[in-house]
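Q: Chain F is fixed; fit chain E onto it per the hints.
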Amino acid sequence: MSSGSEIARAETAGAEIGILEAVPSGPPAPAILQEPGTLAAFWRRLRARRSAVAGLVIVGLLVLMAALAPWVAPYDPTATDWGNVRGAPSLAHPFGGDEVGRDVLSRIIFGARASLGAGLVSVALAVSLGLPLGMLAGYAGGWIDGAISRLTDALLAIPFLILAIALAAFLGPSLVNAMIAIGLSATSIFIRLTRAQVRAVAAEEFVEAARAMGNPPWRIARVHILPNIVPAILVQATLTIAAAIIAEASLSFLGLGQQPPEPSWGAMLNTAKNFMDEAPWMAIWPGLSIFLAVLAFNLFGDGLRDALDPRQRT
Amino acid sequence: MLQFLVRRLALAVPTLILASMIIFALQQLLPGDVATALTGEERDPQVIAFIREKYHLDEPLPVRYAYWAGGVLRGDLGESIRLQKPVSELIVEKLPVTLELACLAMLVALAIGVPMGVLSAVKRGQAADTIANGIALWGLSVPNFWLGILLILLFSVELGWLPASGYVSPFESLSENLAAMVMPAFVLGNAIAAVMMRHTRAAMLGVLGSDYVRTARAKGVSPLRVTLRHALPNAAIPIITLGALEFGQLLSGAVLTEQVFSVPGFGKLMVDAVFNRDFATVQGVVICTAATYIALNLAADLLSAAVNPKLRRA
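Taken in order, these protein sequences are the chains called F and E.
Each residue of the first sequence is one higher than the last, beginning at 1 in UniProt numbering.
Each residue of the second sequence is one higher than the last, beginning at 1 in UniProt numbering.
The shape of chain F in the complex, shown without the other chains:
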């Protein structure tokens, strides 16, 4: 330690007790999301991408549909109607009826809750586990980094969906367990990404300067590094929601997710498979819904990536 950093440490100590509150303790982080000017520029770039806007609009509509399901759906999604068993689409039931006469449209609307909920919850779980672990690995280095990185390698060696199926199998079939299984399976993606991002940012000069001024590591991590890795995490999270929605549908399709009679798009497809000759509409709508939701998150994620990092644009 040079004597210069001793002085700097004294200064930041002052900042902590409020004396130097207004004086920044190091060069400001060039974070995209911190500066209002760049945030406006980001919105401009995002709005210029029609596909990203389309993705965002579809996501918004689906979220609205899921939130307002009880008011939007024409029927109770679990109510059976013997007059509508495998009923063809009609004015009363625009998407037709399923094998016990439930209204397919109402089940699609309520099914959005399982799909979007699983996508959001599992990715939130993956980020809340992966981000701290990745920051720890990237910033602490040494044996901590080694241990976390080997664990990540091992988790990544098991393909995403296979790990999710295995986890769901051992946890037992339910929507909540499917969310946990998908979230845990996706955690390694965020550990690896955060670690790489942290190492790249930590090598920057402003972090070096902040360190030279004697900021404690946790403060550097929170104030100088975290804001700079948020964009990359945000993009990955959006794209992972798309993957998580497919994963939830896959687990439900296999019978490991949402349990009947509660509606889920994946589970609806599983039943529809048995009635393909008599009631093809049972297979069309749930699949189309999954496709639309996944496409919307993919479009939005791609647009977000391009808008946040113009250098990566291809």
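Any given hint could turn out to be false.
[Said to hold, decoys possible] Here chain F is said to cover these stretches of chain E; the calculated rule only asks that three of the stretch's residues, wherever they fall, bring their Cβ under 8 angstroms from a Cβ of chain F:
#1 7-16
#2 22-31
#3 275-284
[As the list claims (entries may be wrong)] Estimated spans, in silico, between C-beta atoms of each pair:
#4 F:V57 x E:L159: 31 to 39 angstroms
#5 F:G142 x E:L178: 49 to 57 angstroms
#6 E:L159 x F:A67: 36 to 44 angstroms
#7 E:E89 x F:G101: 41 to 49 angstroms
#8 F:L64 x E:A127: 30 to 38 angstroms
#9 F:S128 x E:W138: 27 to 35 angstroms
#10 E:Y67 x F:G101: 49 to 57 angstroms
#11 F:A88 x E:I17: 52 to 60 angstroms
#12 F:T78 x E:L57: 37 to 45 angstroms
Treat the hints as calculated values from the structure; they're not laboratory data.
We treat Cβ as the ideally placed atom computed from N, Cα and C, and that holds for glycine.
A: Only chain E this time, still in chain F's reference frame:
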């Protein structure tokens, strides 16, 4: 090169060991007593006692892991409780079916993805590029089990051209085997084709911008020849190595594809085992998948290093 090989192996072995620990530890997730859970429907105290003895369930976890890992090293993956057969025997029986499916799917992915990627790189920013990107986005967003159901609806139910399910060994009848495999292979290859298209496009854009390609163009070499003889071979290396890494996704996808088309492979074995609460088989399938993935990863690294000496020092 030998040194590189040793160094990579030194990384792969701990990864595999750690992955096996994770897979073994899955057992701990079973709700309640492990012995009771492993016996499934059986509630005979004698059977439970036998299981407890056989799997050393009274020993602490690390000791049990040692027993299990020792068995795995000797090729003993345990016994399938439901089928009364060694797990390794079941895997050896089912693996060729999935390998055939995976190879055919990879063929589909390469046949669609590579030409599309080359075309979109050469016609960058033009209509062909937009269309190719649109197709890739479709491939990434469509759930493959739904695509399978749609194809069955069209080609089996409506047109009656292809069988909806039923696997025939290629040694019995090659034509019937291919007829049964063409839809599953297309469904599975579809998503990988999208990924291959994006890899190919990125690799080709990198190569097409390099000096030697410009020189070739300046010499008056025809555009087609520049693309196919000068650029593509150099872009092929990252395509091949990244392609090897897509194998994990291929195995994940196979689980669902085999379920939709009732193909009696690796994935079907896993799903059936999940529902029979046949946990030894689930663990066996997952560890084989992880081992295959790590081996392919290693092969991809070695291939890159063999072609590009600069990487050997990394």
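Q: Does the Cβ distance between L64 (chain F) and A127 (chain E) fall inside 30 to 38 angstroms?
A: holds (34 angstroms)
Q: Are L159 (chain E) and A67 (chain F) spaced within 36 to 44 angstroms by their CB atoms?
A: Taking Cβ atoms as reference, L159 (chain E) and A67 (chain F) lie about 41 angstroms apart, which means the hint holds.
Q: For the segment 7-16 of chain E, does the count of residues with a C-beta closer than 8 angstroms to a C-beta of chain F reach 3?
A: Our answer is that it holds, as 4 residues pass the Cβ test (under 8 angstroms) against chain F, meeting three.
Q: Starting from the hint 41 to 49 angstroms, judge whether the C-beta atoms of E89 (chain E) and G101 (chain F) obey it.
A: holds (46 angstroms)
Q: Could you see if the CB distance from G142 (chain F) to L178 (chain E) stays within 49 to 57 angstroms?
A: The hinted range 49 to 57 angstroms holds for G142 (chain F) and L178 (chain E), with Cβ atoms some 55 angstroms apart.
Q: Range hint 52 to 60 angstroms: satisfied by the CB atoms of A88 (chain F) and I17 (chain E)?
A: Check passed, 57 angstroms falls within 52 to 60 angstroms.
Q: Regarding V57 (chain F) and L159 (chain E), is the given constraint of 31 to 39 angstroms on their beta-carbon distance met?
A: Between V57 (chain F) and L159 (chain E), where Cβ atoms are some 37 angstroms apart, the hint holds.
Q: How does the Cβ-Cβ distance of T78 (chain F) and L57 (chain E) compare with 37 to 45 angstroms: does it lie in that range?
A: Roughly 41 angstroms apart at Cβ, these two residues keep to the hinted range, so it holds.
Q: I want to verify a distance hint. Is the separation of the beta carbons of S128 (chain F) and W138 (chain E) within 27 to 35 angstroms?
A: At 32 angstroms between Cβs, range holds.
Q: Measuring from beta carbon to beta carbon, are Y67 (chain E) and G101 (chain F) in 49 to 57 angstroms?
A: holds (53 angstroms)
Q: Are 3 or more residues of the segment 22-31 of chain E near chain F, judged by a Cβ distance of less than 8 angstroms?
A: It holds, with 7 qualifying residues against the three required.
Q: For the segment 275-284 of chain E, does the count of residues with a C-beta closer than 8 angstroms to a C-beta of chain F reach 3?
A: holds (count 4)
Comparing the model with each earlier hint shows no violations; every hint is respected.
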